[in-house]
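K.L.:
Generate coordinates for the entire structure from the input sequences, incorporating the hints supplied.
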Amino acid sequence: MIEVSGLTKTYGGFRAVDDVSFRCEPGQVTGFLGPNGAGKTTTMRVMAGLTPATAGDARIGGHHYRDIPNPGLHVGVLLDASAQHVGRTGREVLTIGARTMGLPDSRVEEMLEMVSLSPTEAKRRVRNYSLGMRQRLGIAHALLGDPSVLILDEPANGLDPAGIRWMRDLLRSYAERGGTVLLSSHLLNEVELIADVMVVIGNGRIVAQGDKLSLLAMDSDVSALASSLDDEALAAELRQRGFNVSLEGEGVRAGCAPEEVGRAALAAGVVLTDLRTGAAGLEDLFLQLTAETQRDDLTEGALA
Amino acid sequence: MSATAAPTLDLSATPQVPMSRLAGVELRKALDTRAGRWFAISILALVLLVQVIYAFTAPDDAKGFGDFLGVSGAVLGYFMPILIILLVTSEVSQRTGLVTFTLEPRRSRVVVAKFLAGFALAVAVMVLASLIAVGGTVLAMVLGAGSDWSVDGNLLFNGFVLANAIGVLIGFAIATLLMNTPAAIVGYFAYSLILPIAVSILAALSPGFADVAPWIEFNTAQTPLFMGDYTPTGEEWAQLAVSGTIWLVIPLVLGIARLLRIEFK
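Order-wise, the sequence lines are chains E and G. The first sequence begins at 1 in our numbering and counts up by one. The second sequence begins at 1 in our numbering and counts up by one.
What the hints contain is simulated information worked out from the structure, not anything from laboratory work. Please note that the accuracy of each hint is not assured.
[Unchecked claim] Reference listing, derived: stretches of chain G covered by chain E, where coverage requires no fewer than 3 residues with Cβ under 8 angstroms from a Cβ of chain E:
| no. | region |
| --- | --- |
| 1 | 85-96 |
| 2 | 103-109 |
| 3 | 232-242 |
Beta carbons are placed, not taken as given, at the ideal position from N, Cα and C, and that holds for glycine.
P.N.:
As structure tokens, then:
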């Protein structure tokens, strides 16, 4: 539904977005993940027709955003929840959107209810809103026209854990009804909770994309962590089978898949009490993928 | 939302946002914030105040309806541009342009809508100011002036309508060129207050400059619109055209070109 192909945006000599290509499919929540300044917002601004691309293309449902008539009815966009006139009330912000799109004012009330902004809160001016409330208002604004595509930049920023859970449920059911969602974040655990598919960007370039499992598979070091009632015996059996084994913490780290550890335990007659993959996990992977673009050097032991 | 997951968007059933709706929304945006609403109310309150003062202090033979209309027109002409400036610069200063131009990505249509809204607002305020002028004339009659309801057509058109229309356009030009609320308001006062004073000082010092001034200074060139018989001569119209090109047409063209191109952040 969203197709970005070879998108490049340069500001002077600076390549903010460098040959970025990816797709977002209907029925899926696509997470757009990357550290600050990686080019997420610029990419999304190009999608919404606010920034012209230097090269390449971003199309939504086969169209350039600028060619979509009354785009609010087709594509819900939230680029910055703080980009609202602080002197308007929350209800007025939505009313302006609804009037522009030609929707009845009753739609405003529906949306306020949907994002749990109470009538009293809706009467307050945006100046007095917390970031979390602004995000809720921004999501309500994006959903006003009942669009089939949602483009949300850092929508979970400023939400409390309950708010993030609420947004996950909201976007999930939206995708289940056939909607296409692209949401960006610099926080892996937000995206991991909400998204089906991830696109990881660093320094303006795509460094990885795929679902969670295929991203994890990129981690080539297969290892398993196990603890058992007799770690010595388990370690001996694993060594005999030709795997690297080291005693680590409360258990054993083996250079093989968890399945192999299970077989070894069965053969040795050792009772396993814990067995899991020893792979680095998404967070390590994310840091590793975007290492060159991180502002802070996270080399192990740097603080020691 | 369609139940089946189609990879393309079907736009055939979606008409463009009609211009009347865009203009209506822009008009609403001019008045739905505390700043915009109170500014509009303040302008009208100021017109009212000036009318009352004028009714008490002006000589009896200058208290006809036409005189009151001229006074309210002058006050309006002075402050209308600021209302327009707020309408345009808030898109950048308050960052609402991000939403405005996402809901209507064809920016030129938003520019037209803002013009329509600006002129509608100007007309509404002018009508209210005329009503206040009626009140002022009645007050003057109560205070003993003769009743003179005649209105010079030239005053009505040149001093009231044309001058205010120019004011709206000046507001647009300054706002789009500077795209920053405080800077645009300061710029407007520099243009409308400081510049004419500087020009009149220079003109007083140098008779040669006095001849040149109306050709290069728009405020000076507009004076014949509100003075004398409210009818500029052929040369005065030419001065309006020349100085208007310098101070209005060129800035407006550059400003709109800028509005159509800048990245709203």
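K.L.:
For the region 232-242 of chain G, does the count of residues with a C-beta closer than 8 angstroms to a C-beta of chain E reach 3?
P.N.:
With 0 residues in contact (Cβ-Cβ under 8 angstroms with chain E), the coverage given for the region 232-242 of chain G is violated.
K.L.:
Is the listed coverage of the region 85-96 of chain G by chain E valid when you require three or more residues with a beta carbon under 8 angstroms from a beta carbon of that chain?
P.N.:
holds (count 4)
K.L.:
Confirm or reject the coverage of the region 103-109 of chain G by chain E under the rule of 3 or more residues with a beta carbon closer than 8 angstroms to the chain's beta carbons.
P.N.:
Our answer is that it holds, as 4 residues pass the Cβ test (under 8 angstroms) against chain E, meeting three.
The structure fails hint 3 only (numbered hints given earlier).
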